[in-house]
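Note that the protein sequences, when read in sequence, are chains A and B. Reading the first sequence from the start, the letters are residues 1 to 410 in the working numbering. Reading the second sequence from the start, the letters are residues 1 to 410 in the working numbering.
Note that these hints are calculated values from the structure, not bench results. These numbers were taken from a predicted model, which means no experiment stands behind them. All residues carry an ideal CB built from backbone N, CA and C; glycine is no exception. Warning: the hint list may mix true and false statements.
Label-pair distances were calculated between CB atoms; the ranges are [unchecked claim]: (1) B:K21 <-> A:K332: 54 to 64 Å; (2) B:R234 <-> A:A274: 49 to 59 Å; (3) A:R326 <-> B:R234: 19 to 29 Å; (4) A:D298 <-> B:G301: 47 to 57 Å; (5) B:N3 <-> A:P186: 24 to 34 Å; (6) B:E169 <-> A:E238: 19 to 29 Å; (7) A:V123 <-> B:G144: 50 to 60 Å; (8) B:N3 <-> A:K239: 53 to 63 Å.
Number of protein chains: 2
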Amino acid sequence: MSNEVYVLGGYQTDFARNWTKEKKHFNALMREGVQGALEASQIDPRDVQVGHVGNFAAELYCKQGHLGAFFVEAHPAFSGLPTGRHEAACASGSIALLAALAEIQAGWYDLSCVVGIEQMKTVPATEGGDYLGTAAWYEHEAKGVEFPFPKLFGKLGDEYDKRYGLKDEHLAGISAVNYANAKLNPLAQTRSWYMNREHACAKDDYNSTIGGRIRLADCSQVTDGTATVFLASRAYAEKYARARGIALESIPRIKGWGHHTARLRFADKVAESAKAEYVLPHVRSTITDAWRRAGIADVNGIDGIETHDCFTTSEYMAIDHFGITRPGESWKAVEEGWLEIGGKHPINPSGGLIGAGHPVGATGVRQLLDGYRQVTGTAGDYQVDGARNFQTLNIGGSGTTSVSFIIGVA
Amino acid sequence: MSNEVYVLGGYQTDFARNWTKEKKHFNALMREGVQGALEASQIDPRDVQVGHVGNFAAELYCKQGHLGAFFVEAHPAFSGLPTGRHEAACASGSIALLAALAEIQAGWYDLSCVVGIEQMKTVPATEGGDYLGTAAWYEHEAKGVEFPFPKLFGKLGDEYDKRYGLKDEHLAGISAVNYANAKLNPLAQTRSWYMNREHACAKDDYNSTIGGRIRLADCSQVTDGTATVFLASRAYAEKYARARGIALESIPRIKGWGHHTARLRFADKVAESAKAEYVLPHVRSTITDAWRRAGIADVNGIDGIETHDCFTTSEYMAIDHFGITRPGESWKAVEEGWLEIGGKHPINPSGGLIGAGHPVGATGVRQLLDGYRQVTGTAGDYQVDGARNFQTLNIGGSGTTSVSFIIGVA
Chain A
1 MSNEVYVLGG YQTDFARNWT KEKKHFNALM REGVQGALEA SQIDPRDVQV
51 GHVGNFAAEL YCKQGHLGAF FVEAHPAFSG LPTGRHEAAC ASGSIALLAA
101 LAEIQAGWYD LSCVVGIEQM KTVPATEGGD YLGTAAWYEH EAKGVEFPFP
151 KLFGKLGDEY DKRYGLKDEH LAGISAVNYA NAKLNPLAQT RSWYMNREHA
201 CAKDDYNSTI GGRIRLADCS QVTDGTATVF LASRAYAEKY ARARGIALES
251 IPRIKGWGHH TARLRFADKV AESAKAEYVL PHVRSTITDA WRRAGIADVN
301 GIDGIETHDC FTTSEYMAID HFGITRPGES WKAVEEGWLE IGGKHPINPS
351 GGLIGAGHPV GATGVRQLLD GYRQVTGTAG DYQVDGARNF QTLNIGGSGT
401 TSVSFIIGVA
Chain B
1 MSNEVYVLGG YQTDFARNWT KEKKHFNALM REGVQGALEA SQIDPRDVQV
51 GHVGNFAAEL YCKQGHLGAF FVEAHPAFSG LPTGRHEAAC ASGSIALLAA
101 LAEIQAGWYD LSCVVGIEQM KTVPATEGGD YLGTAAWYEH EAKGVEFPFP
151 KLFGKLGDEY DKRYGLKDEH LAGISAVNYA NAKLNPLAQT RSWYMNREHA
201 CAKDDYNSTI GGRIRLADCS QVTDGTATVF LASRAYAEKY ARARGIALES
251 IPRIKGWGHH TARLRFADKV AESAKAEYVL PHVRSTITDA WRRAGIADVN
301 GIDGIETHDC FTTSEYMAID HFGITRPGES WKAVEEGWLE IGGKHPINPS
351 GGLIGAGHPV GATGVRQLLD GYRQVTGTAG DYQVDGARNF QTLNIGGSGT
401 TSVSFIIGVA
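Go ahead and model the full structure; you've got the sequences and the hints to work with.
Here you go:
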């Protein structure tokens, strides 16, 4: 990728927190995210030239729009900065990252702050589930449906079952890895929850049915949270490196990206892919576009993945779409232990959405921040040894909008 | 501006239409906007590489998010295209344009389709007014307030009154020009409504009080509508020109842009500007940044303006912020007739928001499309003779996010 863009770290709030219980407004979440990032990356707020906010639906959850303006409120030095908010359902954070990336590559700015943010615990679960339905085609797929998304991603499992066969135990295996990894992540929503492979396989009170073939252990859970990163031009990264006496090459770059949007309705997606090699071909193109731009041939050039496991079925889909197995054989990666932190193809060392939590608009940015931590060797207990290239996959809707980034050091 | 970006025209729906009365969904509005633009610009849909959607709050008005996905639904050729939605309240359309512009300048794409869209007649006026309150700081400025925005922009008038004096007759003069221009615009919301300077000056049943010093004639009115434009790289514009046997120089370019975000609360803005030359200094910077990037010295290099007259007070503010008069002397431009289509500094030949209508997320794109029409000599009855450079000013919130574009031919 020409016009190199560097990532200067950032900050994530504790995804176990409930900001409504703390009686804190959306603005407090924004301020903690931004000020935490400035402190973590030791960046002078006067250097920040633009703010981008990724958010799904604060209008519904918080009765507030115009979210870029809250970026300005996060620090006195920001008055007058250009800002904007970007949305593509659960991929909103990545859409904000793309906007920031393009501007730096266009030469508009040298330092951009990108905040993914969502406060969702403001409403009861059924109301929140209804709001999430606006990420699908609400009138056709969600209106009057209790918890529409587990049902939609249940259908993804059904489609795999129809095409290749699918055993629930493999979905349970995915859940168990994510929960186990989350215990190593001090910011994970579920780090103190109990879930193992036995509970995830159970079909009883340990693991109730949520919708279709999706049971409790198959689900990520929404939460409140924000993840913030700084993207910088080469010129700013050089200045940043010089001031700290570090080599420019030690600062991670965004090496590649992919971005595609499929038909909105799940039924239209699978109809379109009926004769295709992959169940969600545009997700596959998103992954391979990122490789192409990064000059990486295939998944063997990637040391680990942070993928969008809103449900176990979406990670099951990701496994073969990344080419870790042949199409339909994702179960092999589960059985072989390839997905674990010490495995051949670690997925979600952070715990992913199932383990770390899913504050919708924050997730894409959180994935990139975790990639940053991995390739800088600062991921603590969930570090993948020697990681140099990490890839994200962030998905909005039922496989509708997908965005992938590759972050790596030289 | 290096990496020139061209505008290949587009399409606007009739802003007098009410899509709820026509029993049509948001998706129908999107489809008409995109297909209308493809036809108007005679662009092969397979050439479109990316779709950007500007929208304020479809979550509230239409119970629908993930709006980029509806771009894909607009044409069978679009399955798999990258898409995203962008928001900054009433400046949402311009934020979508900026995202598209940056991507083309970064070399990512050659042809981008940008749709500004809002369907607002789905709810009663008081409910819609409450939703609009989420463009301000809802909890502080809008919660429990009936029609918060007229009151906020009434305060802008009060601030002018305090600093310089302000006569209601000058606001009425602004309204009368916008209504008169709208009668020349076959797509204007108010083209069949009656309003003249006498009615706009009246303080009676012709012109009831809406909030603060804002009366009916001072208000733009929300509506349903979409405006679509195509942005293209030089490579695509050359191909486009060649295929039509026209000169590249006859295709308008985006010559410059500006973008700033002020503090969210109106009280914080005016406190910040207490000792400044302009009431809204970040709006002034937005305008002058666009001049600087376009290599234009001042407003005398601009042949006409499409500005954000959500209320007469915002146009009154724009007049001195554009430098048409000295600060506080906007009344002179009204008295001298400078703002009229044949005047020295035509503003809103389309009728602007007051006359043409204000489907919130569409407005920024509609302004650029009207600029395109002016500089290509295709604005029909509201043509400004010989216009070569037009400037837009699109504002979100109470002067919070401001974006300006200059569109012109060589």
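Going down the list of hints, with the structure as the test:
A beta carbon spacing of about 56 Å between K21 (chain B) and K332 (chain A) agrees with the range 54 to 64 Å that was offered as a hint. Remark: the range hint 49 to 59 Å for R234 (chain B) to A274 (chain A) is contradicted by a beta-carbon distance near 40 Å. Taken as a hint, the range 19 to 29 Å is violated for the pair R326 (chain A) and R234 (chain B), whose Cβ atoms sit roughly 43 Å apart. Hint check: D298 (chain A) to G301 (chain B), Cβ distance near 54 Å, so the stated range 47 to 57 Å holds.
For N3 (chain B) and P186 (chain A), the hinted distance range of 24 to 34 Å is not satisfied, since their beta carbons lie about 44 Å from each other. Judged by the Cβ atoms, the range 19 to 29 Å given for E169 (chain B) and E238 (chain A) is violated: they are separated by roughly 58 Å. A C-beta distance of roughly 19 Å is found between V123 (chain A) and G144 (chain B), which places it outside the suggested range of 50 to 60 Å. The hinted window of 53 to 63 Å between N3 (chain B) and K239 (chain A) is violated, with their beta carbons roughly 24 Å apart.
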